[in-house]
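Colleague: Sequence lines, in order, name chains X and L.
Mapping of the first sequence onto our numbering: position 104 corresponds to residue 104, and the numbering continues sequentially without gaps.
Mapping of the second sequence onto our numbering: position 120 corresponds to residue 120, and the numbering continues sequentially without gaps.
If you anchor each label on the Cβ, the simulated ranges turn out as follows:
1. D307(L) / H65(X): 57 to 65 Å
2. Q67(X) / D307(L): 49 to 57 Å
3. D100(X) / Q35(L): 37 to 45 Å
4. A16(L) / N106(X): 22 to 30 Å
5. D21(L) / R33(X): 26 to 34 Å
6. V99(X) / G48(L): 48 to 56 Å
7. D146(L) / R47(X): 32 to 40 Å
8. Q107(X) / E398(L): 24 to 32 Å
9. Q107(X) / K311(L): 37 to 45 Å
10. R33(X) / S366(L): 30 to 38 Å
11. A45(X) / G159(L): 40 to 48 Å
12. R47(X) / R133(L): 26 to 34 Å
13. D32(X) / D146(L): 35 to 43 Å
14. S366(L) / L3(X): 45 to 53 Å
If you are wondering where the hints come from, they were derived from the structure by calculation, not from laboratory data.
All figures in this text were calculated on a predicted structure; none of them were measured in a lab.
Backbone N, C-alpha and C define an ideal beta-carbon position, used for all residues, glycine too.
Residue-level listing of the chains:
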Amino acid sequence: MTLPADAVKALETFQAAAGWEQRARLLMQWGDRLPVLSDVDKIEANRVHGCESQVWLVGSLQDGHWQFAASSDARLIRGLVALLLARVNGLSAVELQQVDLPEWFNQLGLSRQLSPSRSNGLNAVLQRMRSLSDM
Amino acid sequence: MMIPSPWRADFPAIAALQRQDQTYLDNAATTQKPQALLDALAHYYANGAANVHRAQHLPGAHATQAFEDSRSKAAHWLNAGDCGQIIFTHGATSALNLLAYGLEHLFNPGDEIVISALEHHANLLPWQQLAHRRDLKLVILPLDTDGLIDLDAAASLIGPQTRLLAVSQLSNVLGAWQPLPALLTMAKAHSAMTVVDGAQGVVHGRHDVQALGCDFYVFSSHKLYGPDGLGVLFGRHEVLKQLRHWQFGGEMVLDADYQHARFRPAPLGFEAGTPPISSVIGLGATLDYLAGLDQDAVSAHEAALHDYLLKGLEARNGIRLLGKPQLALASFVVEGVHNADLAHLLTEQGIAVRAGHHCAMPLLKSFELAGAIRVSLALYNDSEDLERFFEALDQALELLR
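Hey, can you work out the whole structure from these sequences and the hints?
Modeller: As structure tokens, then:
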């Protein structure tokens with residue numbers, strides 16, 4: 001499966017990052033570039049619970065391809081979500097089911113953000129994405 | 001100024017954590033354990049585990065002896081004297097649930113249970129749910145601006161309808177001693193039962209349940225440098241007689257047939273099933289260790305560290321403390337910075353502090369906050385731990401601002 005262009009860029013940037021500081025800066029940059037989620041989408045039904053911050057996630061199939069949008073009031077989780085969307089947006093339903101998201105964050109050098117004790121909410125976001133795409 | 005801890009080497013995990021570049025400042029959540037406790041656990045398991053209060057055999061006698069010695073040590077730690085008993089539970093939460101179920105029959109619709117606005121969920125939810133079950137009113141004592149229970153408000157809210165007062169001795173978010181003597185006096189004036197949640201308080205200084213005059217005092221072993229899975233419930237004899245049995249099973253029974261049973265009185269009647277034997281024995285060892293320390297020196301050390309923490313926080317721009325912490329911990333937020341972001345970057349730098357609502361959601365909501373960062377201290381922390389925290393904090397804030 002070929003990677004979406006944004007994902008290729010993310011991989012190149014994060015794999016070149018040295019140390020936690022640079023990774024944090026990059027995460028914030030990616031978060032800042034995440035398209036703004038409209039206020040009508042920031043409703044309780046779209047909230048991902050289990051996060052320390054507020055995270056919203058919406059997704060729909062458009063012409064057979066998934067398009068997700070998300071936001072958070074915290075910057076680093078917004079960056080993590082941006083990296084997630086970079087990997088999944090534009091995939092077909094079959095491709096989305098096949099993608100190994102923990103491995104994706106592992107490749108980015110961010111696997112620790114998915115450890116069970118982390119309450120940043122990335123795990124909860126992944127679960128929500130699965131339940132949206134299983135419907 | 002350096003503030004070394006003379007007890008640091010007694011806790012082997014601190015050095016191990018340091019080798020992993022971790023600075024442990026989440027002591028209000030749980031504490032590291034002294035070598036004396038590790039030795040006691042190893043000794044118990046290496047020399048013959050046995051169940052307690054059941055068997056005639058020698059290993060059973062040894063285990064029961066050690067188990068009951070711990071009960072005496074816990075009673076002594078709280079200066080319970082002859083006024084009450086120690087019941088071992090599976091945690092402070094279990095102890096509070098035991099009370100909320102075991103005392104349920106004493107409440108009638110319309111009766112009032114009084115708690116405070118700063119309670120941990122463990123001392124809120126059992127009473128809230130009891131109130132729902134029995135159609136009671138749950139009364140919440142408000143706080144003043146320093147984060148102390150407002151005594152003027154309490155005087156008007158604690159009244160003839162009050163059947164029970166349950167309050168925390170030391171808030172796990174605000175780090176301030178609550179005015180227990182005044183509150184307990186008010187409750188007793190209306191013949192209300194009194195429950196003190198000592199989960200945080202018991203860790204700092206020595207407390208005397210006879211002097212306090214509370215009916216029940218609850219704490220958890222693991223926050224007091226002891227093993228986890230173990231709660232301690234002190235109850236005065238008069239009120240223990242009114243406590244109904246809650247959980248049923250092995251060893252709490254006097255006599256059973258298929259349709260009926262009669263149960264033991266406290267403490268064994270409230271310790272159904274096999275208790276956490278090794279944890280109870282381990283707690284005894286921890287209490288021996290703690291009893292051997294110069295308590296004044298420990299208190300002075302903790303006070304000096306806390307002062308160091310507050311001064312360091314106050315020296316930084318945009319930091320807002322929650323309440324007016326007196327000891328043990330400080331919770332704070334930083335203007336314009338999300339606490340989840342700050343927590344993320346402190347974690348990246350090996351600083352173990354807590355972020356979030358600290359199991360006190362209503363309290364955080366009253367500050368209109370979704371969360372806060374909490375730094376909490378123990379007797380093995382030193383000023384270098386705090387310096388590492390401050391460096392990491394500065395780095396994180398520089399990145400985030």
